[in-house]
Structures are given as C-alpha cells and as structure tokens.
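S.K.: Chains A, B and C, in that order, are what the protein sequence lines are. The first sequence begins at 1 in our numbering and counts up by one. The second sequence begins at 1 in our numbering and counts up by one. The third sequence begins at 1 in our numbering and counts up by one.
It is worth saying that the hints were derived from the structure and are not from the lab. Keep in mind that a hint or two might mislead.
Treat identical chains as interchangeable: a pair holds within one or across any two.
[Unchecked claim] Computed cross-link-like contacts, EDC-like style, restricted to lysine to aspartate or glutamate with a CA-CA straight-line distance of at most 20 Å:
1. K190 with E33
2. K394 with D349
3. K259 with E404
4. K190 with D347
5. K200 with E404
6. K259 with D398
7. K105 with D347
8. K111 with D393
9. K259 with D350
10. K190 with E98
11. K310 with E404
12. K394 with E404
13. K200 with E229
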Amino acid sequence: MAPQYAPSLRARVAPLLFALQIGFIVIFAFYTEIDSKNVHVTNFSHFYSDFQDVNVMVILGFGFLCTFLVRYGFSASAFNLLVAVMATQWALILNGIESWYYSGKVRLDLKSLVVAEICAASALVSIGAVLGKTNPVQLVLISLLEVSGFVLNQQILSIFIKVKPLNSIMMLHIFGTFFGLMLTWTLYRKGSEYQYEKEKFDRKMGLFSMLGTLFLWMFWPSFNSILVENKIRAVCSTYLALAVSAVTAAALSVLSSPKGKLNPIHLQSCILAGGVAVGVSMSVVHQPWEAMTIGFTAAIVSTIGFRYLKSHMQLAFQCHETCAVLSIHGLPGLLGWLVHLLIQIIDCDDYTMATRFAVFHISTLLFTIATSLSMGIITGLIIMWNCWRPPQDKKCFDDQAFWEFPHLIVHK
Amino acid sequence: MAPQYAPSLRARVAPLLFALQIGFIVIFAFYTEIDSKNVHVTNFSHFYSDFQDVNVMVILGFGFLCTFLVRYGFSASAFNLLVAVMATQWALILNGIESWYYSGKVRLDLKSLVVAEICAASALVSIGAVLGKTNPVQLVLISLLEVSGFVLNQQILSIFIKVKPLNSIMMLHIFGTFFGLMLTWTLYRKGSEYQYEKEKFDRKMGLFSMLGTLFLWMFWPSFNSILVENKIRAVCSTYLALAVSAVTAAALSVLSSPKGKLNPIHLQSCILAGGVAVGVSMSVVHQPWEAMTIGFTAAIVSTIGFRYLKSHMQLAFQCHETCAVLSIHGLPGLLGWLVHLLIQIIDCDDYTMATRFAVFHISTLLFTIATSLSMGIITGLIIMWNCWRPPQDKKCFDDQAFWEFPHLIVHK
Amino acid sequence: MAPQYAPSLRARVAPLLFALQIGFIVIFAFYTEIDSKNVHVTNFSHFYSDFQDVNVMVILGFGFLCTFLVRYGFSASAFNLLVAVMATQWALILNGIESWYYSGKVRLDLKSLVVAEICAASALVSIGAVLGKTNPVQLVLISLLEVSGFVLNQQILSIFIKVKPLNSIMMLHIFGTFFGLMLTWTLYRKGSEYQYEKEKFDRKMGLFSMLGTLFLWMFWPSFNSILVENKIRAVCSTYLALAVSAVTAAALSVLSSPKGKLNPIHLQSCILAGGVAVGVSMSVVHQPWEAMTIGFTAAIVSTIGFRYLKSHMQLAFQCHETCAVLSIHGLPGLLGWLVHLLIQIIDCDDYTMATRFAVFHISTLLFTIATSLSMGIITGLIIMWNCWRPPQDKKCFDDQAFWEFPHLIVHK
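Using the sequences provided together with the hints, build the complete structure.
M.R.: The following block contains the structure:
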C-alpha cells in the first residue's frame, strides 16, 4: 500500500496544456470569426439540437462508458473531457483550413462545431484502446495526432477520389480503431496480462458505465442523421438497428456462456454495434429490414469478437486494448462498409458501374486503413518516449497515479 | 454463499429471443416501409425532439428508477432495455395493422415510433410489479402479451365507442397497473414476505434510482404533450402539477413518519403522481390552478397509498409488487380519470349531455380495467408454467441468477 | 453510533410546505392563466427545448453537483428539487406582478417558466453555501427570500437605471454568491472547522458529482443563449469558453499541487467558470478569441480562488461555504462584469460615452452587491432563529438527520 510513487507530471501536464491552449487562442484570434449572419430561428434550433445531442454523446456517453474500471472512474471521465475539448478545438482549426485558404478566415458556426465534435469522437475511439496505460500528456498528444490524421485522410479522400463527406466522416469508427490498435501494440508492456485486478469492475462502477452506454444508445440516431439529407430514414433505421442489436447481443451472450448467463460487458458494448454499422452504410440503407438485418449481424460479429477475439489479440499479437474498440467500433464498422458495397452493387443495373464502384469503395477502405495504421505507429513511437513519464506498470488503471484525494474518506 | 444454482436459461433465452427477433425482421421485411415523403425540416426536428424525450424516459428513466434494489441494478436496467425494444417493435407492427389492411404496407415514421414507445411504456409499468421475481424470458413474454392487450383495448375503444387516441393511450397507467397487479397475484410465492434483505437498498443505489426518477420528472411534460394539440398548455400544466407533487409528497412523507423524517422512496415515486394524473385528464385541464390541485391531490393519494396500502396488498390480497406501481401509476391514473369526468360534467351546460358523457367515460374505464384484469390473469397463467424456469425464491432480486461476473472485484 | 437524536421536523416541515403550497395554488387560481394563444409549432418547439435544457440544469445539474458530500447524497439531490420547485413557483408570481398590475392576470407561457427557473437557479447558488448546515425548512425560507431579493433587485435596476433584462438576470451569479456568503457568515457555527470527516467524499459519490457537473457543462450554452438575440454567437462563445476553462483548470490544478496531481474538486467546479464569466459579459463578446480568453482567465481565477481562498474565508472571515460558490460563481461573475466594462469602454469612440457607461455599469454592480449583502444578512438573522430547529453540529452533512432508512442495507 506504500509503493514506489508515480512520477510527478507537474513539469509535463501544466506546460503542455498551457502552451497548447494559449497557442489555440492565438490561432483563433487571428484566423476565426463566428458566422452569425444566417441567424434564422428555425435553422438555429435545428442545428442546435444536433449539436447538443452530439455533445452529450461525446462528453457524457464516451466519458462514462469507460468508468467500468474499478479504480479509474475519475480519470476515465475527466481525461475524456480534456481530450474531447482539445481535439474539438484542433479539429475546428484543421477543418477550417480550406475556408481560410480562400477567404483568409475560418468561419465558426454550429455545423462546424458538430463536425469538429465528430472528429473528436474518432480520437476518443482510439483512446479507448490505451486508456489506463497512458498519462494525460500522452492522451492529449495522441488525440491531436489522431485528429490530424483523420482530417488529412478525409481531405485526401475528398480531393483525390471524391468521397462524399458523409461517407468519409463515418469512417471514423474504422480509422479510430486501427489507429488505436497500432498504438496499443507499440506501447505493449510485458506482463500486462497480469495486471488483472485493477481491470475488474464492481457493481456500482458497472452501473455508471451502463449509464454512459445508454446515453450513447439513445442519442445514436442523432449522430447518424447529422450529415444525412433524409433524416427521418436515418433516425428510423438507426433506432431499429440498435433495437435489434440489443436483443441479439443479449441472446448471443447467453448462448455463448457455458452457464447460460448474461455478460454485463456484452450488454454494455455490443448493443451499440448496430448503430456503428448502420452509420457507415447509411447512404444506401432504404428499408427497415435492411437496417434490422445489419443490426442483427453487427451484434453477432461484435459479441463473438468480444468473447473470443479480445484474449487472442492479447496473446497472439501482444495487443491489449482496454475498451475492446475492435469489437465495438472496428468489426461493426467493417461490416457496415461491406454492406454498403453489397447493396450498391446489387442496386447497379450496369456491370461496369458496379465494378467501378467496387474499386472506388475498396480503395477508400484500403487508403483509410493504411493511413490509420501508419499514423498509429508513428504516434505510438512518439508517445513511448520516456520523457512523457508514462505510469509504471503497478500504477496502471489507477486513479491514484494522477489524482490527489485529500478529502477521500477511508471506508472502514 | 454456495447455494443451489439458479437454473441455466441458455436453452430458453437464446432460442426465444432469436426466434422473436428473426420473426420481427421477416415481418418488417414484408410489410413495412419508412415513410419519408413528408421530409420537412421543421416537421422533422419537431417530432424528433418528442421522440428523443420519450426515448430517454423509456430507456433511462424507467430503467434506472428500478435500480434501487441493492443487488439487482444490472438486471433492472438491462432487462428494462430488452423489454422496451421488444415491446416497441411489436407495438410498431400491431399499430400498423389498420394501415396494412388498407394499403398493404405499414408506414413507419417518427410519430409511429413515438406511439410505439408509449405502448412499450405501458408494458414497463406492468413489469414494475413483478421485477425481481421473474426471468428475462418471462419478462419478454409478459411485455408482448401486455402490448397486445393494450393495443387491442385501444382499438376496441376507438372503433366501438369512439374514444379519441389521446384519451385511450393515456389509459396506459391504469391498464399497466391492473395488468401488473393480476400478474403478481397469479405469480404469488408463499413466504415472499421474508425475502426482505435483498429488497433493501443502499445509499448509492438509491442515488441511481433518484437519477432515473429525475429524468422521468424532467421529461414528463414532453410525454404528456405529444398527442395534444395545445402543447403549451400541456407543458405548463404538467410542469406545475409535477412541482406541486414534489412539495406535497415531501410534506406528507414527513407528516406520516413518526419521527418526522423523509422517506427516500416517497421522494422517488410520489413526486411523479402529478404527471400521471394530469396526463390522464389532459384534454379538460385549462387553468394552472386545476393542474396544481390535481398534482396536490395525486401526491396525497400516492403517498398515502405507498405508506399504508403496499403492505396491506401483500398481506390481504397476496399481491406483492416490487415497484409499488399501484401507488405511482394506478391511483393517480384513476384520480386523473375522475377529474376528467368531474370537469367535463361541470363544463356541460346540458343535463343530457353530462349524463351521456358520464356513461361513456365510465364504460371506457370499466372496459379498460376488465381487459387489463383478464389479460393479466391469462398472462400470469401462461407465465407461471414451470418450463420457463423462474428463479428460485432464494435467487429473487439477485443479479447473480442471470449474470456472470468473471471480472467482478471482491471488496475486502 | 447512538448519538443525541436530530430534532423532529414533523411540526415544522409539513405545516410550512402545506401552507406555502396551498397559498401558491390559491394565488395561481385567482391571478394566473396559461397564455396559449400564440400556439405556433415552430415557436413552441423553439422555446420548449430552451425550457428543457434549463430544467435539466436546475434539477439534475445543480442537484447532483452537490452529491459529493459522502453522507449527504439524498439530501443534496432531493432538497435541491424541493427548493427549485418552490422558488420557481414564487418567481412565476413575482415576475408576473407587472403584467398583473396592467391586465389583472399573470400570463404563463414557456418563456415565463424559463425565466422563473433562472431566478430559481440564483437561489440554488446561494444555497450551495449553506448546504449541509441547514434543514429543509430553512432552505425553503432562504430560497423564497433570495428570489424575492433577486427579482426586486432586477425590477429596481430595470426601472431606475434601465438595465436590460439580459444583463440584470445574468447578475444571478454575483447576487446569489454574496447572498450565500452573508448567510453562511451569519449562521457560522463555532468549531465548524472540525466537522471535517463528513465533508469528505468517496469515489462513487465523486462520480455522481461529476455527472452533475457534466450536465451543467453540456447545457450551459443553452443557459447563456436564452435571452440573447444572436443565439449562434452565444452558443459558440459559451462552448469555447467552457472548453478553454476545462483545459486551464486541469493545467492549473496540476501546477498548484506539490505532487503534480489533479484535484477532483477543481475538475468538477472550475471547468464551469468560463460559462459563468461569458454569461455575464455575453452582450459584448463578439469574437471567438474574446470568449476563449475570458474562459482562460475565469478558470485561473476560479482555481486559484478554490485552492487558496476557501480556507482563508473560513479562518479569517468565519465564512464556511460548502460548495465554494465564491470560486465557482462569484469570482468568474465579477470577472465577466469587468470584461463587459472593459470591452464596452474600448468599443466606445467617445470619451463621454465611455465614462457614462462606466458609471452606469459600476452602479449596477454596487447596487446588486448592496442588495444581496443586506438581503443575505436579513435572511440569515431570520433563519438563525432557534424555532426552525437547525441540525446539531454533529448531524451536519448527514442524511440521517432528515431521512428514515427502514430498508437501508447494512454493509458487512
């Protein structure tokens, strides 16, 4: 109970955050302005509710989803907030470069805020893979590099092969996952399969995590409908896919358990799979049954991935990921991509068109994965530098490495 | 600590859920389509916020309201989600039968989703009575039968005595309560008055439950205003009724306690009574003071019901209900019905009209109660069949019967 | 464990609440009506989402923010609800006096509900200073007197020196703080520096508190944009200020800690400072960088105030405040006022105009502070009367003084 102290981050966190934040303020001072000319009430309240819903998902949903780690609740929720606001500010700047190039100013409005928050969400996905094994300095650096990579990927896809923003932004699940996997592979610590005790959860922390999940589940229809023209279709499809995912994940969780019991982690993660998969294939899903079948398949893929893949990844590839982002975001995202391809090909009357679309769609995926893998490795190499003072093995998954609790009551 | 094991549900839960879910997908594939022709932005964001609010109430509000059971938090929140999504899908199908009959297709849009969720809420009310004493298989069957009964009741009322949808759908509180009471009466277990220990709650679980209550409290104005023409009146009335309920429940809780203390359960349940009562009588409440008086009376009825009726129901009628749905939904619902009758009679100038309305209104209630009682008994008889493997007495109100906790930390 | 019992509040709480509530109903019956003539759908959904967001902040945000006290969770959340609904009803009446004077009726609509909730928020700020050291009777009285003072201050400012409602209502942070400080100074108990143990928090309560904070953080843009014409500017500015505050508070928390660790209380309180400061200076903030700089400075002032001022206030001025309202609302509010003054002066071309504005702005502040200080002392003198049966020193910060837990489980 009186182990080697965690390294002090005073000389790391404070200067880095101050420098970045003051830098952002300076950039915003010279290059941005609030675009409030189109002040129409209807327009405002329309975008504002989108903004609010995404905000709730990013800050509350992702933040509390990871509180299941029994001794890491404060870090999970607070570092999530920190990373989200840094990534959003950075994404606002990066997304505005084009408009800055043409008019000398980056215009901020509600839509650019929403898009920036979605970019921040891709960083939060990546961070799910290394949570508990990194310190806030590393997390902030990761998020900035991830967002840079994600925006770069989007720009290149849009300029060179004319991928629509809706499709390229929904690749966030795939980009975030592979980035995170490379990261955690680079940062692999020997013996991390033994740090088991602190990765457990208890009943109350499980309920906080359930709360985060439910917020993601409830607001996912907003997330998927933001950039879509036909919003009613997007909302209904996403809701149906999520509903089917919840049922399927529960059924499969019981079926895959020798004692026929439910696994709380499945019910907290895999019920979201339908939302991810439908989001990625949104532009071609027209019928309710398509959305429901996608939700069904996504939940199966996700639950099986969770049950069998997580430990294999760790043993075979030395890839330990805290929040199982591969099963939650990666596999359903790939499934959504595949469904998009299949439906589009079926809908094509023309053989040439179908081939052309297939080539286009496959190259989009390959390029995204290539970018995310390479950016992930580069980021991992930067982050593993000892000067960032990562927490010792003993202090992983523990709030005590980063928080002072002068007022913490000692139970009995 | 090593008791007889709970029966494995592997051969029950998984086949049932898979069969139902695949069945739903097939039905949706042949008979439904998303109605996205009226895609008008204003219209969309208007209905979408209704949908979101009801969604939050159904998934989060009801889900966390029941987490007060100290060892049943996971089950309460997750089974609530499962039941809600199954009931919503089933209600979408049932509510669309008429449109299917005329045009061969069930059209889904945001309004049909909202109405389906309200139907699902009536199932959640019923389930509050038997929570902890049933397994997920039973809960899913109950919810499907309850929704069938509720929709049937609504259709018959609308076809034969021309009850407006607004009024018949708000009978959900009354229908759900009596259905649940019959259910728990049929399923009564000898000696269930001794299973006391696990029905207790602790401080933290109490706060999770408070969270669920507050979400219901905050979004109840949305719930009551959905089908109403004059939404401003509905929102203001409901808010005022809820505010008065909160004050009255607190005052009465102190007054009825020998030591002059507050009871946390009163403050978690009875503060909602005003919302229920005003919802049922919404179409005739015009003045703020009417709504406030309804809230005042409803809180008194609900608190007194809670303090004195719950134990009597158990001893005298062998009717043990986990969440006191009679006090929360039943009595305030009946009060709302009575207020509707009184105000409508007072507002009638004509004696004949008043009598006619009274007969109409009373027969609506009697028919609803008769349907719910008979459907409740039938459902109870189906559910009590041993093949569903209900949890043993010892395993009631305990997550361990249904959940595997391989990663659960053991405190000290 | 068997100490002197807390005094029974049966003869205090119940009569007071019943009397006030029945009184309110009578007043509402004679003087109010619901103004539902302007029933336009767009208009409704626009105001309704404002109402919902403020409702969430007042009921959930403020309620759970104070649950960090380890044994005071139920009281913090439930008394907050009680106070909020009483204060809202009272504010509805007081705000309607003018319209009553001219037309004999107080018209209720969604806007008047929103404004009343904001007035209630000012009472909740004050109550943060004395929470845990007062009983519900005292809290309700405080809230009614505080709201009276706040509305009076607003009316006088608006009639005599023509302060715009937007500016006078945003003084709520300053008014509430100084009112609360005077209150807690008047009610100072000798030896309250030793009641340390129960003011501590534990991990789970800390997460509930984090939840409340995040809800305030997420919905603050709604709070600041309600009365503003240019809503997009208000939302973007508030979001940016809050984002910068979060980063700055984290950096400064680490910097000011000898071990280089984060303080959970800083991350729960000081991240809101930017929202407060921008709210007070909203009408003159035009550029993103202005909002960000305000957020930066506000977080610094707030964190330093928290770290060094709280204990000084207690030792030097015998002013013990539970929730550090001075650092959260007071100092950032004053900063916002100062920024408003500076920007307005800089924007004035004319020297005379600038002086005139400065005099006007300074006298607004001085008058507000004078009113709040005097009303605070008067309220404190009324409240300290022994007939209200305040909790004994031993029973402060303890749910057991007010709640019966017949079903509370005893852990091990």
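S.K.: Take the hints in turn and mark each one as holding or not.
M.R.: Hints, verified against the model:
1. K190 with E33: For K190 and E33, neither the intra-copy (49 Å) nor the inter-copy (53 Å) Cα distance is at most 20 Å.
2. K394 with D349: Neither. Shortest intra-copy (60 Å) and inter-copy (62 Å) distances fail the 20 Å Cα cut-off.
3. K259 with E404: Close across copies (8 Å), not inside one copy (42 Å); limit 20 Å.
4. K190 with D347: neither (50 Å within a copy, 61 Å between copies)
5. K200 with E404: between (22 Å within a copy, 13 Å between copies)
6. K259 with D398: For K259 and D398, the Cα distance is within 20 Å only across copies (16 Å; inside one copy 32 Å).
7. K105 with D347: neither (42 Å within a copy, 22 Å between copies)
8. K111 with D393: neither (42 Å within a copy, 53 Å between copies)
9. K259 with D350: So K259 and D350 fail the 20 Å test inside a copy (51 Å) and across (68 Å) alike.
10. K190 with E98: Answer is neither; intra-copy 44 Å and inter-copy 64 Å both fail.
11. K310 with E404: between (33 Å within a copy, 17 Å between copies)
12. K394 with E404: within (17 Å within a copy, 27 Å between copies)
13. K200 with E229: neither (43 Å within a copy, 50 Å between copies)
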